[in-house]
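Undergrad: In order, the protein sequences belong to chains U and C. The C-terminal position of the first sequence is numbered 166 in the working numbering, with every residue numbered one higher than the one before it. The C-terminal position of the second sequence is numbered 1291 in the working numbering, with every residue numbered one higher than the one before it.
Read the hints as simulated data drawn from the structure, not as lab findings. Backbone N, C-alpha and C define an ideal beta-carbon position, used for all residues, glycine too. There may be inaccurate statements among the hints.
One side of the interface only, derived from the structure: several residues of chain U facing chain C at Cβ under 8 Å [unchecked claim]:
| hint | residue |
| --- | --- |
| 1 | R19 |
| 2 | V45 |
| 3 | A48 |
| 4 | V97 |
| 5 | P118 |
| 6 | R119 |
| 7 | T122 |
| 8 | F124 |
| 9 | P131 |
| 10 | S148 |
| 11 | G150 |
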Amino acid sequence: MKRLRPLAKLDARHEKVARHYFRTVEAWWEVSDQTREEWSSDHGVLEAAGVLRPGGWLAVQHLPPVEMALERGHRSWFTAAEQAFHTGEAYRHEETVKRFYVGTGGVLAVVAAPDDDPRLVTAFRPTPPIPGNRVGDSSTRAYLRKTSPGAFVRAAVRRVVRGASR
Amino acid sequence: MRTTRIEEAELLEAQLVEALAETRRAEGHAFEVVALAGLRERFAGEPAALAAVDDWLDADGTVLLAEELAHLELDRRIDELVGLPDDAHEERVDGTFTIDELSAGLTFCGNQARIAPFIELLGRAIRATPAPWCALSPLASRILESAPPLDDDPAGGLWRTIESTPWIQDSLAPGGKLPVVPGFTVGSPLSVQRLAMEAPRAVAQAASRLPSEHAEMTISLGEAADLTYARAEGRGELFLEVRQATERVTAQCDGRPVALARLRPTSWSCPAEPGLYVFHIDGHPHVVEVG
């Protein structure tokens, strides 16, 4: 299988990472190579800098600690997306040439030109309809779930089949 | 490779069997089971999987479900969805599907009244700022055509509102015409990332409700401002007091611009009518419902 290319522009990478990898409800620490502590630490840096506010990532991303946190996040996010591309189940729609790969833990990678020059368009973890348990972690206001990875995978497959990612 | 022509009903049945087995092993969530059952119920037929869910509910499922219903965080999910920036298409789609699935599950177990007011609020927010939702209109049409929510499922109203957003937007645009967006055709499955017309973004964390029967009431719009509702001689008035002087203050009510009268460098007023107000202060939206 061909090698997956990341998003070409640095800004676009950072935007996706701020929007998805550091979106608490997507719980990427469950499926990436960062531990929850590492993820929380970087999330705290970005939150304090205002990067995670809607539209906030663009204004302050060039601060060195912010750039480093975004870069680490991108590396982990892309690695998980790459894994979904190589080992996940592939889906295609008739209406688009993009393909959808559902990987471990429900990582949904959307890939353009999958046969010639595969490029990552985006990757995210669709949210399953399950209760969230807010935990008193002031640095991240994270949510803990006693969730089977199956719930995330099923949610990702439903999003693809129900046409959410065209 | 699988195509997405997999029968959705078939997929839901398979997922339902899987989720029910996980829940019976105490590895899954009871609510996921009823959500899947609710989604499957939108299709014709009565598969064995649905009967199995009924049996499970009659046994220990209802108790497990009751424990989870209190933790669905419907307010937090709606807040996040309403507060998304205009171009957060993926998050908007994901959040809408989650609300749809929660509504299907709550309807299946007879608890749709829990989510109905949240969906009503979401619908009003969508009607107030339809532009970012227009891209979801074709998706809503497909869902309403292929597997519409049951009559008593509040998600039906949500999808119908989303489906109608291009026309709502049309009615809000100057001259009654949709802004020109390359590649956009109403009813086509194309995604529109952003319409040319700037629409306000709603931050539901700041969403509050001002009861119009109060003579005077003040609420805080986060760190940005205070908003006072005052009623005198049968007329209501809103007074906005910002904490830091700014020129960048605008307001809309149910999607229509509101003329703000500047009283002092840091305060403005406007007539208060029942509706969903969106105040933009230095580029940040604050939503207040007056009613």
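Undergrad: Hints first: check each against the structure and report whether it holds.
TA: To see whether the hints hold, each was checked on the structure:
1. R19: Holds: closest Cβ of chain C sits about 7 Å from R19 (chain U), inside 8 Å.
2. V45: Check failed: Cβ of V45 (chain U) comes no nearer than 21 Å to chain C, outside 8 Å.
3. A48: violated, 15 Å
4. V97: violated, 13 Å
5. P118: Since the shortest Cβ distance to chain C is 14 Å, the answer is violated.
6. R119: Constraint on R119 (chain U) not satisfied, violated at 16 Å.
7. T122: Because about 6 Å separates T122 (chain U) from the closest Cβ in chain C, which is inside the 8 Å limit, the hint holds.
8. F124: holds, 6 Å
9. P131: Holds: closest Cβ of chain C sits about 4 Å from P131 (chain U), inside 8 Å.
10. S148: Since chain C brings a Cβ to about 5 Å from S148 (chain U), closer than 8 Å, the hint holds.
11. G150: holds, 6 Å
Hint check: violations occur at hints 2, 3, 4, 5 and 6; the rest are consistent with the structure.
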